[in-house]
Amino acid sequence: MHILGYLDPGSGSMIASAIAAGFAGVVVVFKMGARRAVGFVSPKRRKAASEANDADNS
Amino acid sequence: MSSVVEEPGSFRDPSSSVFYLDGRVLRGLDERAADDWTALSATTFFPKALADGSVVSSEPVTVADSQLPRDYALVLEHERIPFISYPYEWTFDMLRDAAVLHLELLLAALEAGLTMKDGYSFNVQWRGATPTFIDIGSFERGTGGPWVGYRQFCQTFLYPLMLEAHLGVPFQRFLLGHLDGIEPTEMRAIFGGRRRWKKGVFKNVYLHSVAETRVTKDSEKVRKDLGKAGFGDELAKAAVKKMLKLVRGLRSKRADSGWKAYRETCSYSDADREAKEKFLREVMAGRVTKLAWDLGANDGIYSRIVAEQGGCVIAVDNDDVTVNAMYRSLRADGIGNVLPLVMNLMDPSPARGWRGTERSAFTDRGAPDLVLALALVHHLAIGSNVPLPEVVSWLRSIGGTLVVEFVEPHDPMAERLLANKRAGLFPDYRIDAFEAELAKHYTIERTVALPGGSRTLFVAEPR
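Those protein sequence lines, which keep their order, are chains B and Z.
Counting from 1, position 21 in the first sequence corresponds to residue 31 in my numbering; the numbering is continuous, with no gaps.
Counting from 1, position 224 in the second sequence corresponds to residue 213 in my numbering; the numbering is continuous, with no gaps.
Please keep in mind that the hints were generated in silico from the structure rather than gathered at the bench.
As the structure is a prediction and not an experimental result, all values here were calculated from the model.
Check before you lean on any hint, since a few could be wrong.
[What the hints assert, rightly or not] Label-pair distances were calculated between CB atoms; the ranges are:
1) Z/G42 to B/K41: 21 to 31 Å
2) B/A34 to Z/G102: 14 to 24 Å
3) B/K41 to Z/K226: 12 to 22 Å
4) Z/D207 to B/F40: 13 to 23 Å
5) B/F40 to Z/P3: 12 to 22 Å
6) Z/S46 to B/K41: 36 to 46 Å
7) B/F40 to Z/E93: 27 to 37 Å
8) B/Y16 to Z/K210: 16 to 26 Å
9) B/Y16 to Z/I387: 30 to 40 Å
Note that the Cβ used here is the ideal one computed from N, Cα and C, for glycine as well.
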């Protein structure tokens, strides 16, 4: 489900608003980055990316 | 035949838009926005905000389909704000108070499980010197996650305030020049070097700009990722609370100006001042004025006299520091029908935005039935070289009864202006020439010479 409204909040601005929440917000941003990093090297993620790539090339 | 006009500045959010029906102010909501209204009405904070006036009065009404500009699930009727104004006409304290109002409402909405979908300073208007939030369609049921109006809040509230609080730069021209406000990257360039360490700048400007430059994923994806990483309502509330603290603590650096103490330092004798006030009270006695403009209002003393009759008074002056002091004193004294605005009458607010209709020109927002132009003409005619016939013709174009003061060339204040210009530059700047010009456009009802012998007041009715 798309939950954004009529206004583009800006992807960078949403990250910045998390940082503006203080320490807990900074932790969330780091966790988000960590999830991406883990996802990038995880076999499951690599497999999904490879399948998506194959589908694109077919 | 009914007259239906869609508000040209209310198209950005398709789910909620304002239109006028025979002068009534109505808002049409689509199905989703109507459900948001139901949720909003069921909260405890919203009825309180309606009662104390911090949001514009709003109630569902039934309107025949034939009178609607399009189909709506629900129509609300709002009160009419006496005079629309824009943030580029407000003072520092007005913008800060409007920002505080926005944040307090957002926080209350978050506490109630709702949120606000934007953060635009134009969504606040004024009843006299009291702010009220007008965009009821901005409230929606909460979806959790980050503060979506953060960027817009920064651009149209926080950054303009920071410019004036940290650097002493008046913000009005920045907002007039760009209705979407100041971009994070622009602010980063302005607040380079050690300025980065001024209060609130590193987080809300520097990091904001860096994030904006580097994060290229689409907003929906980032929002989902933040949610998965644990960003919920509590963090959104924390961000708003921190912003509220920051904004409340901002103070203008522009604390003084030559005009702020004008009344104390100008050449008026007490007798002149008393005679002027007495004259204005006599003019106002028994007069019903719905909307008055006080042009060159300075500290607003004459606006207050006009306001005693109960109508709305727009007190305009070019000096933002003086107008800010006027705003503070109106608030302190509980004067509810004088709206102070910052504007250079040599360059009044033009029509702005999409097709030049989104934000109206100052002169298109309702004609006054009374215009005060006290100690103004010499500034326009001598200070800014506007030919005297042009000054009178411009006043006539505004309409309404005119109360105007002519300051003769031998008055010390006029002499001060003349001293900065080539001798003989204004041969027609004389009271007889002014009176003749006035008589071309108006019927002069009354004339009074002030005791000092260099100033004359006229009351004139348009022909």
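> Which hints, by number, does the structure contradict?
Replying inline: 1 and 5
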